[in-house]
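K.L.:
Dock chain B against chain A, hints included.
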Amino acid sequence: MSAKSVTSIAVVLAIVILGSASVFTIDETQTVIITQLGKYIRTVKDPGLHMKIPFIQTVHYFDKRVLEYDSTPAEILTKDKKNLVVDNYARWKIVDPLKIYQTVRNERGAQARLDDIIYADLREEMAKHNLSEIIDVRREGIMKTVLEKSDEKARQYGLKIIDVRIKRADLPREVEESVFARMKAERQRIAKKYRSEGEEEAAKIRAETDKQRAIILAEAYRQAETTKGRAEAEAIRLYADAFRKDPLFYDFVRTLESYKKIIDKETTFVLRSDSELFQYVDRLSK
Amino acid sequence: MSNNYEEQWPQKSPSVEDIEKKVKEFFKRTRQGRKGFYLFLIIIIALWLASGIYIVSPAEEGVVRRFGKMVRVTSPGLRYRLPWPVEQVDTPKVTEIKRLEIGFRTVDPGPPARYQFVEKESLMLTGDENIVDAQIIVQYKIKDAPHYLFNVKDQLGMLRDASEAALRQVIGANTIDDALTVGRLQIQQEIKTVLQRIIDSYQSGLSITAVKLQTVRPPKEVEGAFKDVVSAKEDRERVIYEARGYQEDIIPKAKGKAAQMTKGAEAYEAERIGRAKGDASRFLAVLKEYEKAQDVTKKRLYLETMEEILPNIKKFIIDSKAGGNLLQFLPLEMRELAPKKEQGVIKEVK
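First to last, the sequence lines map onto chains A and B. Take 1 as the starting number for the first sequence in the numbering used here and just add one per residue. Take 1 as the starting number for the second sequence in the numbering used here and just add one per residue.
Here chain A stands alone, though its shape is the one from the complex (with noise of 0.2 Å):
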């Protein structure tokens, strides 16, 4: 029993070891190179399970995933010679695990080569351009062209380069500053401009005021000028119409009425006793 036992132990154990070494999974997410001895042999990118040659064959892993690629933010000269803060980043996937094998060997050693090759494009493409193509709209077509020179050179890697990005483009800090000041200028001059056109405004429709005042007042002048004149000339023609009866007599008791408007009593008459008033008078005198 005890000898038995101990035989079919080993015996499970050997096929045990054997049979896992023989087999190998891979999943969703992987992919796969074998080596035999340091020299390959293939390639299997479908997951599942697979055999090997035990012992002497190798599997080496690689993540098939999109995988990412962060760079330290690092300043970049523009065109118009203006400093800029670049943090890319960068989506990539192996797509040869051999040549990355044989090449840089893992994904570490992918993401040093990716360093290089991406940084010297962006700085290269962003010094031929303006801070403000990189920036605004243009700036997609500045990363396609910097992904497409990029893939170009990964794929030697055997990486293919998804997507390069600008995470973050921003100003160095001592140049925020000025950014900040030429803002508030900007800010007041157009505080300025709101009081000014304010007062503008106010002013047109105060002296319009004062016009429509003044055409107003002279129009109700001219109105009532008109109305008085034609008064004025009713009257006249009225009086003349009736003094022209006799103008003798008007010249009469209109004479007649001055006298007792003229003469009050602060007047000092002379009169002669010959005057008509007093004919009688002096002829009783006499």
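Hint data in this document are derived by calculation from the structure and do not stem from the laboratory. Glycine included, each C-beta is placed from N, C-alpha and C at the ideal position. It cannot be assumed that every hint is accurate.
In silico contact screen, one side only, chain A against chain B (beta carbon under 8 Å); selected entries [said to hold, decoys possible]: (1) Glu-28; (2) Ile-166; (3) Phe-243.
Below are the PhoX-like pairs computed for lysine-lysine, each with C-alpha atoms no more than 20 Å apart in a straight line [to be verified]: (4) A:Lys-228 x B:Lys-263; (5) B:Lys-315 x A:Lys-261; (6) A:Lys-160 x A:Lys-45; (7) A:Lys-261 x B:Lys-314; (8) A:Lys-160 x B:Lys-153; (9) A:Lys-52 x B:Lys-69; (10) A:Lys-211 x B:Lys-255.
Negatives, chain B to chain A, calculated, CB over 12 Å [unchecked claim]: (11) Glu-60; (12) Gly-77; (13) Val-94; (14) Asp-108; (15) Leu-185; (16) Ala-210.
P.N.:
Below, chain B without anything else, positioned relative to chain A:
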């Protein structure tokens, strides 16, 4: 089946062998011996098989891999898979909407909520080379579970990078005034579109449900100047309103005055004509009677007038024999007028 079972041994071989030995020794000591060992084996296998039962909750989707290869996607419910290491299952929450904060982090959802601002993320350049402080919330969910699980390494990091890139790209394409005011909705929409395009290019299996611009404001260094613009705008309105007030005060007053003038003139007209008519008809009436007895009437009118005038005034009647020369009476005249001269008033006699 036992083959699969054994496959797990090598990975844990040393310790597992020890355990097996101990287990066997245990069974050796029992009287059941071999029989007990097989029973034990059956129980172990049964338990192992039972471990393949799993639950997919309503919010989830089950993705089953067999030896690393995806074989099926299962819907919510009680499900079975072959136990580890043959099959594995992932159950990502596909209906859950998750959120990602750019430019700030919620420290305490509150209420009241407390936030921590991350200026490094939120300060960015606009198309007109101004700096703006913008924060967004990205809401996303899984639209394709296998893609989500297998296509991108570090999904969250990827989404964060892509969101920042999209945010800056869109803000960079706009002017600061657009970003601060009218363009907000459009910017949100654009960020969403750009972001979805980026993550689709990675086949990330994520779907952006919404991008919300949380705050867009000028950086605090220049906030005062921006606020002053707002108050300048209000100042503009205020002085205009003041001027309008002046207008509304002055014009009615002028109109009132104008009415006063025209009405006054009309009154004058009525009065003047009325008086003229009155005077005329009085004259005509008098004339009519006068014409009937001209001489007497004339005399009467004259005398009546004299009677009216003369009683109240100083009169000197000079004898006609004394001649028409008034000079001889001057001293008398002067005497009479002397006290009044002091007051500088000399009434002229007509």
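K.L.:
If we take the beta carbon of Gly-77 of chain B, is the closest beta carbon in chain A still more than 12 Å away?
P.N.:
Per Cβ check, Gly-77 of chain B is outside 12 Å of chain A; nearest 23 Å; holds.
K.L.:
For Lys-160 of chain A and Lys-153 of chain B, compute the direct alpha-carbon distance and say whether it is at most 20 Å.
P.N.:
Given pair Lys-160 of chain A, Lys-153 of chain B holds - Cα atoms ~15 Å apart, limit 20 Å.
K.L.:
Just want to verify: Val-94 of chain B was marked as not at the interface with chain A; is every Cβ pair farther apart than 12 Å?
P.N.:
17 Å, holds
K.L.:
Against chain B, run the beta carbon of Ile-166 of chain A and see if the smallest gap drops under 8 Å.
P.N.:
7 Å, holds
K.L.:
If you draw a straight line from the CA of Lys-160 of chain A to the CA of Lys-45 of chain A, is it 20 Å or shorter?
P.N.:
This hinted pair holds, its Cα atoms lying about 16 Å apart.
K.L.:
Is it correct that the beta-carbon of Ala-210 of chain B has no partner in chain A closer than or equal to 12 Å?
P.N.:
For Ala-210 of chain B, whose nearest Cβ neighbour in chain A is about 21 Å away, the distance exceeds 12 Å, so it holds.
K.L.:
Does the structure keep Lys-261 of chain A and Lys-314 of chain B at a Cα separation of 20 Å or less?
P.N.:
Satisfied, since the Cα-Cα distance of roughly 16 Å is no more than 20 Å.
K.L.:
Hint validation: Phe-243 of chain A versus chain B, beta carbon distance must be below 8 Å. Holds or violated?
P.N.:
Nearest chain B Cβ about 6 Å off; hint holds.
K.L.:
Take a quick look at Glu-60 of chain B and tell me if its Cβ sits farther than 12 Å from every Cβ on chain A, holds or violated.
P.N.:
Consistent with the label, Glu-60 of chain B stays out of reach of chain A, its closest Cβ about 18 Å off (over 12 Å).
K.L.:
Taking 20 Å as the top limit, are the C-alpha atoms of Lys-315 of chain B and Lys-261 of chain A close enough?
P.N.:
Between Lys-315 of chain B and Lys-261 of chain A the Cα gap is close to 17 Å, so the pair holds against 20 Å.
K.L.:
Starting from Lys-52 of chain A, check that the Cα of Lys-69 of chain B is at most 20 Å away, please.
P.N.:
18 Å, holds
K.L.:
Beyond 12 Å on every Cβ pair: is that true for Leu-185 of chain B relative to chain A?
P.N.:
19 Å, holds
Figure legend: structure checked against the earlier numbered hints; every hint is met.
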